[in-house]
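Student: Here's the letter readout for the chains.
There are 2 protein chains.
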Amino acid sequence: MTGARSAEIRVSEIFGPTIQGEGVLIGLPTVFVRTGGCDFRCSWCDSLHAVDSRYRDEWRAMSTEEVWREIAKLSGEEPVMVSLSGGNPAIQPLGDLIRRGHGEGYRFALETQGSVARDWFADLDVLVLSPKPPSSGMETDWDAFDACLRMSRDKPRTVLKIVVFDEADYAYAKTAAARYRQLPVYLQPGNHTPPPADDDEASIDIEGLMDRMRWLVGRVTEDKWFGAHVLPQLHVLLWGNKRGV
Amino acid sequence: MTGARSAEIRVSEIFGPTIQGEGVLIGLPTVFVRTGGCDFRCSWCDSLHAVDSRYRDEWRAMSTEEVWREIAKLSGEEPVMVSLSGGNPAIQPLGDLIRRGHGEGYRFALETQGSVARDWFADLDVLVLSPKPPSSGMETDWDAFDACLRMSRDKPRTVLKIVVFDEADYAYAKTAAARYRQLPVYLQPGNHTPPPADDDEASIDIEGLMDRMRWLVGRVTEDKWFGAHVLPQLHVLLWGNKRGV
Ligand code: SF4
Ligand code: SF4
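Order-wise, the sequence lines are chains S and E.
Numbering-wise, the UniProt record's numbering puts 149 at position 149 of the first sequence, and it's gapless, one number per residue.
Numbering-wise, the UniProt record's numbering puts 199 at position 199 of the second sequence, and it's gapless, one number per residue.
Treat the hints with care, as some may be off.
Per the computed footprint, the stretches of chain E lying under chain S, defined by three or more beta-carbons under 8 Å from a beta-carbon of chain S, are [as the list claims (entries may be wrong)]:
no.: 1; segment: 9-23
no.: 2; segment: 106-116
no.: 3; segment: 139-152
no.: 4; segment: 229-241
With a Cα cut of at most 27 Å, we get these calculated BS3-like pairs of lysine-lysine [claimed, not checked]:
no.: 5; chain 1: S; residue 1: Lys224; chain 2: S; residue 2: Lys174
no.: 6; chain 1: S; residue 1: Lys73; chain 2: E; residue 2: Lys224
no.: 7; chain 1: E; residue 1: Lys224; chain 2: S; residue 2: Lys242
no.: 8; chain 1: S; residue 1: Lys73; chain 2: E; residue 2: Lys174
no.: 9; chain 1: S; residue 1: Lys155; chain 2: E; residue 2: Lys174
Distance ranges between label pairs, derived from CB positions [to be verified]:
no.: 10; chain 1: S; residue 1: Arg54; chain 2: E; residue 2: Gly103; range: 33 to 41 Å
no.: 11; chain 1: S; residue 1: Gly103; chain 2: E; residue 2: Ser53; range: 34 to 42 Å
no.: 12; chain 1: S; residue 1: Ala202; chain 2: E; residue 2: Trp142; range: 25 to 33 Å
no.: 13; chain 1: S; residue 1: Arg54; chain 2: E; residue 2: Ala122; range: 56 to 64 Å
no.: 14; chain 1: E; residue 1: Trp142; chain 2: S; residue 2: Gly76; range: 29 to 37 Å
By construction, these hints were calculated from the structure, which means they are not laboratory data.
Ideal placement from N, C-alpha and C gives every residue a C-beta, glycine not left out.
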């Protein structure tokens, strides 16, 4: 879908409630709004269907009210945590949606790589900043990242989440954590078998994931990095690469 | 070991740091102090080596200072989260240990079924109250449970953690959560293949665990119980029934 008006939100998928599989809200029932489009192209992106413009025909340009109605319907109108992810949800106009949902008692968490700052970050309940380590093939613009933090004005509960595949990523995570000592850190072992955007049933290397998880736990404890949380992607362990669960 | 003096702590094992595999502190590097002895006998207890008096020869009667030195050594004298579990750690004299550790910047989480209240609960950083559902074969004494909450004087971060095997357990969890609306709830699918106390290598029914986890996620979301967290035992997925990791 092209030609979205500026107030429209490009949506790749809305699904749930199911539990959050990652990071600080792990285990919490959540409705997921995955927006379409991203300013990054991480080598191991696990949401290509929400990133690659080849899939933009599947994205819908929706008004705030349309997105809100879908969230309310999925949750049976019972307030629930809403996860705004992507792609990069920061490139979508989500401020009105957050205000709309807050009025009904819903809460909002946003996950972004920290490349684009928005003033409505301050309205979030949870802000997950997920800078991309070297294995992604991306460069981090720390000035843009700092702007995200500034925009949030210390209002949301803000955490760092970093995917770690190897020693270089781990070193990057340590540097990022040292730069933002005030932020809780969540490390996540990388999945080198991310879902191809067009194959729901593609198999995952669960043993590889678990090995990387055990390695990362060992790395963190050896280093006495006792403030870092290490968590796998629970939904991948439970449901594989299947979408919409 | 018998004849422990009253100020001595009966210890089944001290190990770590490794990540906390369960509940509110999931993923956080932790040193575990598992005390010996329990006033309960849950049918599916996964810590029989710390409960059954057949194993009491393996328990050590240690002074506060001895336990403290072992924690400090394991953590390389770097402040870390310490988990006090058991058995029922509430029947041990742990108040001095908590004060000792706090002096060095360590934090303490205690997990107990809520049958025995101690004034030092108020000194904890995290109190995990884990009432036992019908499948355990135990009865909950809610007066004793209330006393635990009273003793904590709202000082620690306090949560409910409930193991769920079946519908009856689930109903129990809902009732307990309704009784303590102020407490965050963590539901954990039960492991019907807990470690036999004398066989480290005994196999676990991981698929059964995952099935129960998926069922529980479905149950919670169907019911729109959006405040409950559902989390598996991560250490079991990562390391099986092996002890000391
Ligand atoms: S920032 Fe996220 S959504 Fe965008 S390409 Fe990277 S992993 Fe994919
Ligand atoms: S209360 Fe805990 S340690 Fe005691 S028997 Fe039950 S499960 Fe085992």
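Student: So, for every hint listed, does it hold in this structure?
Tutor: Status of the hints after comparison with the structure:
1. Look at the segment 9-23 of chain E against chain S: 4 of its residues bring a Cβ nearer than 8 Å to a Cβ of that chain, three or more, so the hint holds.
2. Note: the segment 106-116 of chain E has 0 residues with beta-carbon separation from chain S under 8 Å; the three-residue rule is not met and the coverage is violated.
3. Evaluation of the coverage hint for the segment 139-152 of chain E: breached, as 0 residues show C-beta separations to chain S shorter than 8 Å, against a requirement of three.
4. Figure legend: the segment 229-241 of chain E, annotated as covered by chain S; annotation consistent (8 residues with Cβ-Cβ distances under 8 Å, at least 3 required).
5. A hinted pair counts as satisfied when its Cα atoms are at most 27 Å apart, and lysine 224/S with lysine 174/S qualifies at roughly 12 Å.
6. Between lysine 73/S and lysine 224/E the CA atoms are separated by roughly 12 Å; this keeps the pair inside 27 Å, and the hint holds.
7. Between lysine 224/E and lysine 242/S the CA atoms are separated by roughly 22 Å; this keeps the pair inside 27 Å, and the hint holds.
8. Distance restraint check for lysine 73/S and lysine 174/E: the Cα-Cα separation of roughly 24 Å lies within the 27 Å cut-off, and the hinted pair is therefore satisfied.
9. Between lysine 155/S and lysine 174/E the alpha-carbon distance is near 32 Å, which puts this suggested pair outside the 27 Å criterion.
10. Distance hint for arginine 54/S and glycine 103/E: a CB-CB separation of about 59 Å, inconsistent with the stated range 33 to 41 Å.
11. Between glycine 103/S and serine 53/E the CB atoms are about 58 Å apart, so this pair departs from the stated range of 34 to 42 Å.
12. The beta-carbon spacing between alanine 202/S and tryptophan 142/E, approximately 49 Å, falls outside the hinted interval of 25 to 33 Å.
13. The hinted window of 56 to 64 Å between arginine 54/S and alanine 122/E holds, with their beta carbons roughly 59 Å apart.
14. Range check, tryptophan 142/E to glycine 76/S: Cβ separation about 31 Å, and the 29 to 37 Å hint holds.
Figure legend: structure checked against the earlier numbered hints; hints not met, in rising order: 2, 3, 9, 10, 11, 12.
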